[in-house]
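A.B. asks: Residue numbers (the working numbering), protein chains in the order written: chain C, 1 to 154; chain G, 1 to 421; chain F, 1 to 333.
Please note that a few of the clues may not be correct.
What the hints assert, rightly or not - Derived lysine to any residue pairs resembling SDA-like cross-links, with alpha carbons at most 20 Å apart:
1. F:Lys-246 with G:Gln-178
2. F:Lys-100 with G:Glu-4
3. C:Lys-147 with C:Glu-93
4. F:Lys-250 with G:Phe-127
5. C:Lys-12 with C:Ser-70
6. C:Lys-89 with G:Glu-4
7. F:Lys-250 with G:Asp-128
8. C:Lys-147 with G:Lys-370
9. G:Lys-370 with F:Arg-4
Hint data in this document are derived by calculation from the structure and do not stem from the laboratory.
Here is what each chain is made of, one letter per residue.
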Amino acid sequence: MMVIECIVNDKKYVLEVDPQERLLDVLRNHLGLLGTKEGCGEGECGACTVILDGKTVNSCLVLAGQAHNSVITTIEGVGNRQSPHPVQKAFVEVGAVQCGFCTPGMVLSAKNLLDKNPHPSDEEIGVALSGNLCRCTGYDKILRAVKLAAEEGK
Amino acid sequence: MKTEVVGSRALREDSWGKVFGQTKFPADVNLPNQIYGVVVRSPHPHARILNINSEEAMKLEGVAVVLTANDVPHNSHGVLFRDQPVIADYVRMVGDPVAVVGGETMEIAREAAERIRVDYEILPAIFDPEEAMKPEVPPLHPELQSTNVLYHLPIRRGSMEEGWAKADVVVEQVYKTQHVDHAFLQPEAVLAYLDERGHMVVQTATQYAHYDRGEIAHALGFRYSQVQVKTLAVGGAFGGREDISLQIIAALLALKTQRPVKMENTREESFYSHSKRHPMTMYYKTGAAKDGKLVAMQAKIIGDAGAYSSWSINVLRKSAVHATGPYEIPNVEIDSFAVFTNNPYTGAMRGFGAAQTVLAYESQMDLLAKKLGISPLEIRLRNCFQVGSITATGQELTSSVPLDQCLAKIAPYFRREVETP
Amino acid sequence: MKKRGIGLGCAWYGTGYGNGFPDVSSAFVEIHDDGSATVLTGAVDVGQGSNSIFAQIAAEELGLRAEDICVNTADTDVTPDSGTSAATRQTYNTGNAVLKAVRQAKSRLLIYAAREFSCPTPEGIELKSGYIGVKGDPSRRMILGDMVFKARLNGERLISAESSTARSTPVDLTTGQGAPYWPYSFGCQAAEVEVDTETGKVKVLKVIAVHDVGKALNPTQVEGQIAGGVTQGIGYALLEELELQKGMIKNPAFSSYLIPTALDVPKIEAYFVEEAEESGPYGAKGLGEPAMLPTVAAVINAIDDAVGVRITSLPATPEKILQALAEKKEELG
Ligand code: FES
Ligand code: FES
Chain C
1 MMVIECIVND KKYVLEVDPQ ERLLDVLRNH LGLLGTKEGC GEGECGACTV ILDGKTVNSC
61 LVLAGQAHNS VITTIEGVGN RQSPHPVQKA FVEVGAVQCG FCTPGMVLSA KNLLDKNPHP
121 SDEEIGVALS GNLCRCTGYD KILRAVKLAA EEGK
Chain G
1 MKTEVVGSRA LREDSWGKVF GQTKFPADVN LPNQIYGVVV RSPHPHARIL NINSEEAMKL
61 EGVAVVLTAN DVPHNSHGVL FRDQPVIADY VRMVGDPVAV VGGETMEIAR EAAERIRVDY
121 EILPAIFDPE EAMKPEVPPL HPELQSTNVL YHLPIRRGSM EEGWAKADVV VEQVYKTQHV
181 DHAFLQPEAV LAYLDERGHM VVQTATQYAH YDRGEIAHAL GFRYSQVQVK TLAVGGAFGG
241 REDISLQIIA ALLALKTQRP VKMENTREES FYSHSKRHPM TMYYKTGAAK DGKLVAMQAK
301 IIGDAGAYSS WSINVLRKSA VHATGPYEIP NVEIDSFAVF TNNPYTGAMR GFGAAQTVLA
361 YESQMDLLAK KLGISPLEIR LRNCFQVGSI TATGQELTSS VPLDQCLAKI APYFRREVET
421 P
Chain F
1 MKKRGIGLGC AWYGTGYGNG FPDVSSAFVE IHDDGSATVL TGAVDVGQGS NSIFAQIAAE
61 ELGLRAEDIC VNTADTDVTP DSGTSAATRQ TYNTGNAVLK AVRQAKSRLL IYAAREFSCP
121 TPEGIELKSG YIGVKGDPSR RMILGDMVFK ARLNGERLIS AESSTARSTP VDLTTGQGAP
181 YWPYSFGCQA AEVEVDTETG KVKVLKVIAV HDVGKALNPT QVEGQIAGGV TQGIGYALLE
241 ELELQKGMIK NPAFSSYLIP TALDVPKIEA YFVEEAEESG PYGAKGLGEP AMLPTVAAVI
301 NAIDDAVGVR ITSLPATPEK ILQALAEKKE ELG
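This is chain C alone, in the form it adopts within the complex (with noise of 0.2 Å):
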C-alpha cells in the first residue's frame, strides 16, 4: 500500500492505495465517482477519460502510482444543472447523447480540447475525441455539439 496525495475535482485527497490499481478503480471504488465508466480496461474505449494536470488520459491505463502530486478533473467536476458546461449544454441540446455510457468521457475529451483550441477546426474536433468509441451516435450529433459549445465560446 502507498499514500498518495491528489486533488481531484478541486478538492484535496490523501489516500491509501495499492500502487497497482488503476486510477479508474481509486475513482469509482475510493472516491466514487461514478461519472467514470469502464467500457474496455484497455485504453481503447475513452468512457474512463479525466484530465490529469491538463491531459485527456484513459484512467484505465494510469496505475495510481502515478497519480500522485496530480491534478484530475472527472465528469463530476464539470458542470451541474445550475451551470452546465457550454459542451454540456451544447450535448443536450443538439441531441448528441443516446444511450450516454460514453457521454462522460466525450464530454471531457470536448472540454479538454477547447480550453486549449477554443476555435478547433472539425479535423481537430475529429481527432480529439477519435479515442472516445460511441456505438449509438455516429459521432455526428457529437461533433456538432462540440462545434457549437466554440461558437457559443466565441
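Chain C is already provided as a structure; the job is to place chains G and F with the ligands on it using the hints.
C.D. replies: Chains G and F with the ligands in isolation, oriented as in the chain C frame:
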C-alpha cells in the same frame, strides 16, 4: 394533423443526467456486504463435463461459493426454446458457463475462478453450417431437431420456369457476411439481491425486463410476483441484450449465499456472453427483362445459428421475407435455413436477418443495371414497391410505401454525381 | 491512386415481432391534480430515446410540455409488460399504447369538463398550453390542473390502462405465403467513397440517407438514429469481423475488433419522408433498424463504381480489395 409537442425537437430529459455523469448504469450500483460473481467459461467448443474440482478454489480465503450445473433448480433459458443452460454440464460453444464463483472481492473471485479444474471429454465440433446441415452429421440439439437444420422456410411464388423464360439478362452470385458483435459500450453488469420481502431483485441493463423476470423466475423456481427486474440505464443494446447473460447466474448466487451479488463483465467476457449477428451465405440468381423489370429470383440463404437457437428461426424468416429487396418480382423461389454449429450462438442484432440480404439483393440490382445498360437509380425506380404491390409472401402493401419518394429525394444528388466523375 | 465512386442502396424492413406472434404493448397513465401526468410502461429505453417519445405523445394529448410528463419504465414491480425494445417496435407499438391510455384517461376529463362548461359534447373541449376549455370560446377556459383537481374532488379518477397490438399473420411453412409484418419501413442511401488502389483502403466521404418514418415524432432523434445506423452500417461494410478459430474468438477486444471512430464517419445528411402510416401513433413508424440497412449496399456499390471491383463478402477489407484489383488486372492483362 397539426401537432405541437409531437414533431418538435423536444429535449431528452435523461440527457442531463448523462452529461453530468449522474446516470446509474448497472456497474454503478452496489450494496453493503455484496459478494462478487465470476463465471468460468468453457475453452472448448463441444465437450461433456466429466468432473469439476473446486477444492483449490474453495481453499482461497474469501471464496463464498462455487456453483455448477447441479445447483441450478431449472437449468435452462432461451427466447424461443429453453435450449441454453444457465450453467452447462454439456458444452456446445466456447464460452458456455461451466461454473460460477462468488467471492468477497472481484480479485478473489477471479483468482478462485482460475483455480477451478474442469475435466472435459472433448467431442468433435463442427463450424461450417453447410457441413453441419448434412443429414449424417449428429445433431447438436436432438431434442429440437433430428438434424442441425433448426429451421427451413421456403417461399414460392409464381413459376420459375416462366420467370427465367422472360429473363433477358441473368446475374448469379454468392454473397457472404460475417459474424458481428454488438459492441455496445457498456459491458453487462448485474446487482442481484433478496430484499426485505424475500423477493429476488435484479437490477440490470436489458432490452426486456419482463422477459428477464420470467427466465429468472423459471430457473430459480420463483413466482413472477416474487422477482423484480429493475432496469437501470442501458449502455446500448442493438439486440445484444435480448438473451439472458448474467441475470440468472447473479440471482442464483444471491439465492444460494443470501447476500447481494455484483457481477460485471470485462470486455472480453462480454464478447462471450451475448449473441452475435448471423453470418450468412447467400446464393442469388436474379433475372430481368430488357425493359428493366425484374422477372425472376432464386435465393438460398444459409445462416449460422451457432450453438443455441436464440432468435435464429425469426432471423432467418426475416431474411427470407426480405430477400427480394423492396421490389416486385413475380416469380420467386427462396429457401432460408438456420443451422446449428459449435460457433458462438447468433441472435438478434439491429437489422435482424434483413441486414444481410441487403448486400445480396442490392449488389444484384447494380449488376443487372450494368448488364441492361441503365443506371442504378433507374432499375430501382422501375421495380420498387408502391401502394398495392404484392411482396414475395403474397402480402399486399396497403399504405405508406414511399420508397419512390425517398428515391426522388436522393435522385438529384445521385444524378449529378454520376454525371461528373 | 485514389479513386472516387458513388453507390446507391435501398432497403425495406418489416417492423414488429411479426408472423402472427402477439405483439402487444401496454401502458398505465395517471393525470395528477396539478395537471401533470405519469406514464408507466415496460418498454426499456436502451438509449434510443423512447422515454422522451412517450413523454411527447402524452404531452401532445394533454396540451402540456414534454417536461410535464413523468415517464417511468421497465421496472417489473411497477410497469406493465410492453414487449421487447427490439424489432423497431417501441415508438410504433408502445407509442400506440401510450396514446390510447392517455386518450382514455383524458376522455373522462373531457366529459367532466363539458358539463362544467355547459358544453353539450366532450368533443367541444380542448386541452392546450396548460389550459382546458371550450373550442372557440375563450371565456370558458381553466388551468388544466384546476379542472383535474375539481374533477377528482367530485370522484373522477383520471387513470387508465391500455394495450395495443400490431397486426401480422404467420407465413405458410411450405409456400411462405402470408402477411408476416406490418408496417414496413423503407429507405435509401447514397454513399460516396474514395478507394486507394495502392493500399486497398476505403474512405467513406459522404452518406445521404433518406428514410420513410411515417411521421417524425422528434426530428432530432430521427437524425440521431440515422447517423448511428449509418455508422454501424459502415462498420459492417468495412471494418467489423469476429475472427473465429475453432469456435474461439480471436479478437474479443476493442483493440482487435474494430468499430468506427469519429475519424471513420463521413458527412451524413439525413432526410426523411413523412407519409403517415394510418395505424401508427400520429402516423409514425419505427426507424431504429432500417437506418443501418442501406449503408452496406451503398458502400459496396460505391466501391465498384470507384474501381470496378465487386466485393461479395463482408467486410470489404483492404486485402480483399487489393486481391480483387489484382484479379481484375490479370483478367484484363
Ligand atoms: S475503459 Fe479505459 S479506455 Fe476503455
Ligand atoms: S451514446 Fe451510447 S455509446 Fe455513445
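A.B. asks: Run every hint past the structure and note whether it holds.
C.D. replies: Going through the hints against the structure:
no.: 1; hint: F:Lys-246 with G:Gln-178; verdict: holds (15 Å)
no.: 2; hint: F:Lys-100 with G:Glu-4; verdict: holds (18 Å)
no.: 3; hint: C:Lys-147 with C:Glu-93; verdict: holds (12 Å)
no.: 4; hint: F:Lys-250 with G:Phe-127; verdict: holds (15 Å)
no.: 5; hint: C:Lys-12 with C:Ser-70; verdict: holds (10 Å)
no.: 6; hint: C:Lys-89 with G:Glu-4; verdict: violated (23 Å)
no.: 7; hint: F:Lys-250 with G:Asp-128; verdict: holds (17 Å)
no.: 8; hint: C:Lys-147 with G:Lys-370; verdict: violated (42 Å)
no.: 9; hint: G:Lys-370 with F:Arg-4; verdict: holds (18 Å)
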